[in-house]
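Visitor: If you're matching them up, the sequences are chains A and B in order. Going left to right, the first sequence walks through residues 228 to 336 as the numbering used here numbers them. Going left to right, the second sequence walks through residues 228 to 336 as the numbering used here numbers them.
Among the hints, erroneous ones may be present.
Calculated lysine-lysine pairs in the DSS-like style (CA-CA distance at most 25 Å, straight line) [as the list claims (entries may be wrong)]: (1) A:LYS286 to B:LYS269; (2) B:LYS261 to A:LYS286; (3) B:LYS285 to A:LYS261; (4) B:LYS261 to A:LYS269; (5) A:LYS269 to B:LYS242; (6) B:LYS269 to A:LYS261; (7) A:LYS269 to B:LYS290; (8) B:LYS261 to A:LYS261; (9) A:LYS259 to B:LYS259; (10) B:LYS286 to A:LYS269; (11) B:LYS261 to A:LYS285; (12) B:LYS286 to B:LYS259; (13) A:LYS259 to B:LYS290; (14) B:LYS259 to A:LYS269; (15) B:LYS259 to A:LYS285; (16) B:LYS259 to A:LYS261; (17) A:LYS285 to B:LYS269; (18) B:LYS285 to A:LYS269; (19) B:LYS269 to A:LYS290; (20) B:LYS285 to A:LYS286; (21) B:LYS286 to A:LYS261.
For the record, the hints were derived by calculation from the structure and aren't laboratory data.
Protein chains: 2
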Amino acid sequence: MSELRWTKAEKIVAKRVFEKCYQRECEAVLAKLKERVATADKPSDIWLIHDFLTEELKKIEDKYDYRYSILIFVFARLLKEGWLQESDLDGIEEDKIERIKYLATYNQK
Amino acid sequence: MSELRWTKAEKIVAKRVFEKCYQRECEAVLAKLKERVATADKPSDIWLIHDFLTEELKKIEDKYDYRYSILIFVFARLLKEGWLQESDLDGIEEDKIERIKYLATYNQK
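Taking the hints into account, I'd like the entire structure generated from these sequences.
Guide: What follows is the structure in structure tokens.
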């Protein structure tokens, strides 16, 4: 895929979208954490909660990599996983949106 | 310190005491975790909670080492930190209790 150029206006949108997805995903982790903690009542539960958090935070750290060279792939993954809505991309050039949608339907895990 | 011999009866008491302290300390961690999670409302809180848990579980894992060769030191630390009450040691020989109390007042951190 050729190098994509992001205009100044697109960069503003992209940064806001990226942060919105990050916020959504963190809120989901926090909600799951609250559920787990509410029903925890024995020592082993604490270890399980820690393992859960370690895994979730690792996934988030790996995923939220804000570099323009890979942003299309990051957005494709977020779209596929449901953190990103197509409507969030208003303000991004159509060509990029098409690539994001195309990638989201293929080999993103 | 010369090697201490633990009688069969003492071992039963020691194991029970050890587990009781472990249970108490885990309950305290869980209570703190519940407090922190209840007031968490932003992404950075999740990382702070994870750091808190990592640190607490590391301390617990290091501390709760059930080997008779070091049990006097483990109990001394637990006594100093308040997880162990002197009355928990009923059934352990007086000589050992004195050593535990002595060590608890000195260089245990």
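Visitor: Taking the hints in turn, state whether each one holds.
Guide: To see whether the hints hold, each was checked on the structure:
no.	hint	in the structure
1	A:LYS286 to B:LYS269	17 Å, holds
2	B:LYS261 to A:LYS286	24 Å, holds
3	B:LYS285 to A:LYS261	22 Å, holds
4	B:LYS261 to A:LYS269	13 Å, holds
5	A:LYS269 to B:LYS242	18 Å, holds
6	B:LYS269 to A:LYS261	13 Å, holds
7	A:LYS269 to B:LYS290	18 Å, holds
8	B:LYS261 to A:LYS261	8 Å, holds
9	A:LYS259 to B:LYS259	18 Å, holds
10	B:LYS286 to A:LYS269	17 Å, holds
11	B:LYS261 to A:LYS285	22 Å, holds
12	B:LYS286 to B:LYS259	15 Å, holds
13	A:LYS259 to B:LYS290	30 Å, violated
14	B:LYS259 to A:LYS269	14 Å, holds
15	B:LYS259 to A:LYS285	23 Å, holds
16	B:LYS259 to A:LYS261	13 Å, holds
17	A:LYS285 to B:LYS269	17 Å, holds
18	B:LYS285 to A:LYS269	17 Å, holds
19	B:LYS269 to A:LYS290	18 Å, holds
20	B:LYS285 to A:LYS286	22 Å, holds
21	B:LYS286 to A:LYS261	24 Å, holds
In summary, the one numbered hint that this structure violates is 13.
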